[in-house]
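Chain V is already provided as a structure; the job is to place chain W on it using the hints.
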Amino acid sequence: MCGIISVIDRSKAGMDGSRIKHALSLMNERGSGEGAGYAAYGIYPDYADYYALHLFFNNLVEPKDKVDEILRSWGEIEYEEEIPTIEQPDLRRTHIPWRYFFKPDCSLMPGSTTPEEDIITMLVMKINTSIQGALVYSSGKNIGVFKASGWPETVADFYQIEQYEGYIWLAHNRYPTNTSGWWGGAHPFNLLDWSVIHNGEITSYGTNRRYIESYGYTCTMFTDTEVVAYLCDLLGRKHGLPEELMVRAFAPPFWDEIDRMKETDATLNSAIRLTYGSALMNGPFAIVVATADGIVGFTDRIKLRPLIAAEAGDRLYISSEEAAIRRMEPNLDRVWMPKAGEPVIGRVKQ
Amino acid sequence: MLCERCIENCPYGTYRREGETIVVDSRNCVACHRCVAMCPRDAISIEEKPIDYRSHPLWNREAREAIYNQARTGRIVLAGMGNASDLPNIFDRLLLDACQVTNPSIDPLREPMELRTYIGKKPRKLEIKRGKNRDIELDTTLSPNLKLNVPIMIGHMSYGAISLNAQLSMARAVSDLGTFMGTGEGGLHPSLREYQNNMIVQVASGRFGVDIDYLERGAAIEIKIGQGAKPGIGGHLPGEKVGPEVSQTRMIPERSDAISPAPHHDIYSIEDLKQLVHSLKEATEWKKPVFVKIAAVHNVAAIASGIARSSADAVVIDGFRGGTGAAPRVFRDHVGIPIEAAIAAVDQKLRSQGIRNEISIIASGGIRDAADVTKAIALGADAIYIGTAALIAMGCRVCGTCYRGLCPWGIATQDTRLTQRLDPDVEWQHVANLIRGWTLEISELMGAAGINSIESLRGNRDRLRGYMLDEAMMKVLDVKPVGA
Chain V
1 MCGIISVIDR SKAGMDGSRI KHALSLMNER GSGEGAGYAA YGIYPDYADY
51 YALHLFFNNL VEPKDKVDEI LRSWGEIEYE EEIPTIEQPD LRRTHIPWRY
101 FFKPDCSLMP GSTTPEEDII TMLVMKINTS IQGALVYSSG KNIGVFKASG
151 WPETVADFYQ IEQYEGYIWL AHNRYPTNTS GWWGGAHPFN LLDWSVIHNG
201 EITSYGTNRR YIESYGYTCT MFTDTEVVAY LCDLLGRKHG LPEELMVRAF
251 APPFWDEIDR MKETDATLNS AIRLTYGSAL MNGPFAIVVA TADGIVGFTD
301 RIKLRPLIAA EAGDRLYISS EEAAIRRMEP NLDRVWMPKA GEPVIGRVKQ
Chain W
1 MLCERCIENC PYGTYRREGE TIVVDSRNCV ACHRCVAMCP RDAISIEEKP
51 IDYRSHPLWN REAREAIYNQ ARTGRIVLAG MGNASDLPNI FDRLLLDACQ
101 VTNPSIDPLR EPMELRTYIG KKPRKLEIKR GKNRDIELDT TLSPNLKLNV
151 PIMIGHMSYG AISLNAQLSM ARAVSDLGTF MGTGEGGLHP SLREYQNNMI
201 VQVASGRFGV DIDYLERGAA IEIKIGQGAK PGIGGHLPGE KVGPEVSQTR
251 MIPERSDAIS PAPHHDIYSI EDLKQLVHSL KEATEWKKPV FVKIAAVHNV
301 AAIASGIARS SADAVVIDGF RGGTGAAPRV FRDHVGIPIE AAIAAVDQKL
351 RSQGIRNEIS IIASGGIRDA ADVTKAIALG ADAIYIGTAA LIAMGCRVCG
401 TCYRGLCPWG IATQDTRLTQ RLDPDVEWQH VANLIRGWTL EISELMGAAG
451 INSIESLRGN RDRLRGYMLD EAMMKVLDVK PVGA
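Protein sequences appear in the order of chains V and W.
Take 1 as the starting number for the first sequence in the working numbering and just add one per residue.
Take 1 as the starting number for the second sequence in the working numbering and just add one per residue.
Looking at chain V on its own, in the form it has when it is part of the complex:
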């Protein structure tokens, strides 16, 4: 089932994590206490030029040495530490969350137009597939994911998320089905700038995975949400599609609708379906994707999962439930139900 909520302050004013914690725990009926997580943008202003790599280590002996070695050979570690946590009675600490602030050495990836991102992507794939006991689950600049197996309020207190101030927050309350409630399986999923929260099940996962893997991504987290982050990176970053078109590829209009469009629109939409048919996501889902520039929420083409949006001043909220939004902000200017497949977009003001 799962519950999701997200907020952006378009003027980039910071919000601490206390309200979203309450909103997420309001939706505990949608979770099972086996996974919850938060992502926040703008939380590391002092290290804004460095990639904040968040990892789960099983221990600090073998896997960490290997990670240190690979990172040092590809760039410079500016600072590293164990992510501060406070023990919680109902949370079993099965991993050690660690963070590095890392700058890749662009000269090591000649021939790439985006060497920094490509090095980071490569390192994430490499560490996750080849180093036993280490998992990179967050790898963007000035953003961080905080997740674990537990109830939303427990996970929030464990990481003390009220200490962080971000202008975008994503939060997810998990009811696991496909994979057990392990820490890596909790949402949000992140790669570089992209973070994803997802309620539902992607029935096209096999198709999407085969597609994305032919572009050099490797799915390692045994869950369908991961593939969404990689698809966003491919279509949004590498292929340079604007958010509207990216969402259009994921949840395109039906052919019947395309046939009724005027010619230029029909041509564009057919081209999207023909080119990105393998990126089309099927099955019930409500997803929010974030980058440093904003958030996009959308559902599957027949809206088999709930999604509601609301605005209050500069803030845009997207959630599974209106009640959760109202827990964060009781006085809303506007509340609406987006149509199936129609994106809700919140961009930061330039």
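Derived by calculation from the structure, the hints in this document are not laboratory data.
Only a predicted model underlies this, so the values are computations on that prediction, with no experimental measurement involved.
Please note that the accuracy of each hint is not assured.
[Stated by the list, open to error] Keeping only pairs whose Cα atoms sit at most 30 Å apart, straight-line, the calculated DSSO-like set for lysine-lysine is: (1) V/Lys262 - W/Lys125; (2) W/Lys147 - V/Lys238; (3) V/Lys262 - W/Lys129; (4) V/Lys103 - V/Lys64; (5) W/Lys132 - V/Lys349; (6) V/Lys126 - W/Lys349; (7) V/Lys103 - V/Lys126; (8) W/Lys274 - W/Lys287.
What follows is chain W alone, placed relative to chain V:
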């Protein structure tokens, strides 16, 4: 009652009248069921081979009879239809998935279910530019693609191999459904021109029937390199089938044997194939998709990747169960590989090289029902060709004696007394019904799997499970075993 309908209907001379009785020579019977279907008294039943040889696991009936046959003639033994050896069928050992609780199944009666499929090259990525008012404008031009309402087409069976009435029935069906059929290497008879927008014209090694008019009439062009029933060898239409109409359509003299050589005499390498694709594209001003059909052989994946690097828009892979009018039995039963493994290998190879978008995959060879179609697409095919199934819809009983030109159902024959038995006004509906019925079933299977668009089924091997398949096979197919 001595109506003699059995005598009239049997072209193989199984029945004769002696005085007041009908006498049967069962050795002539091929089990085509024509007499059974036509007998007004329901007096005929057919039992397969009631006289048995002494059983032997190695020297079975087929082995012994092939030897008697060859000892008598000293020739290659001919056979019809597809592979008749008792090899396991992979499709039967793949099971499909359905939704329960965690994701809802979709009801095709209430929700749209999209089977529309485009065959042809797709760009790797779209280029977008901003026009006036910062509007999004497309800066990529797509190659012409064939639009199929359903991912099921009818493969190439030539006029000559089958009758004009059979072709007319199928052409009318595909045109009604918004899909396509192949002409085979037999040219395009003038009476088929009204369906030409739904016909794929074939260019094979004999080049029979090929001229610019023929190429321009087709919706797409298919170069035939090989076929699943007889990989590596050519074709042979015996002169007795080449009457005036066939002669004109194929552009060859009447009563002459039409021999298609094993290789195209202008294709001895992949570069040569590339040039032929290019020539056909040039000749038709780059307006028509060009397909290349190959038999599923051991190295099919590498060959397909070579084809993908040409201007070709689709590769047709014909598995070892693919049918034919006539093939040497030794080829039909022993050469080539199953279509299931071929699809999996080709899709995987193209993806690993990042060129899957360069080409569509059309699979054929032994596809019997909607489940086979669904599984073929889940393994990675874009669309499929049927052949035998369409013939069965028109009455074929798979007696396997197509090569004798005496088809009692008027399909694989040019004898007008036999071809008139097939009424295109009736049979087109049977062919259309078959494809329509499969389409409904595929929609239901997709809906049950929580998928409302065929793109999300294509290559979705997570929705397949192998049952009683060995580990090596499952690795090739990239499917998990049941329970995993």
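### Task
Quickly compare the C-alpha distance for V/Lys262 and W/Lys129 to 30 Å and report which way the hint goes.
holds, 19 Å
### Query
Given the hinted pair V/Lys103 and V/Lys64, is their alpha-carbon gap at most 30 Å?
holds, 18 Å
### Task
Decide if the proposed pair is consistent with the structure: V/Lys103 and V/Lys126, CA atoms, cutoff 30 Å inclusive.
Distance ~17 Å between V/Lys103 and V/Lys126 Cα, so the pair holds.
### Query
Has the given pair, W/Lys147 with V/Lys238, been kept, meaning a C-alpha gap of at most 30 Å?
Holds, at about 29 Å.
### Query
Does the structure keep W/Lys132 and V/Lys349 at a Cα separation of 30 Å or less?
holds, 22 Å
### Query
Holds or violated: are the alpha carbons of V/Lys262 and W/Lys125 at most 30 Å from each other?
holds, 23 Å
### Query
Does W/Lys349 lie within 30 Å of V/Lys126 when you go C-alpha to C-alpha?
Distance ~22 Å between V/Lys126 and W/Lys349 Cα, so the pair holds.
### Task
Sort out whether W/Lys287 lies within 30 Å of W/Lys274, counting only the CA atoms.
holds, 17 Å
Going through the hint list in order, the structure satisfies each hint without exception.
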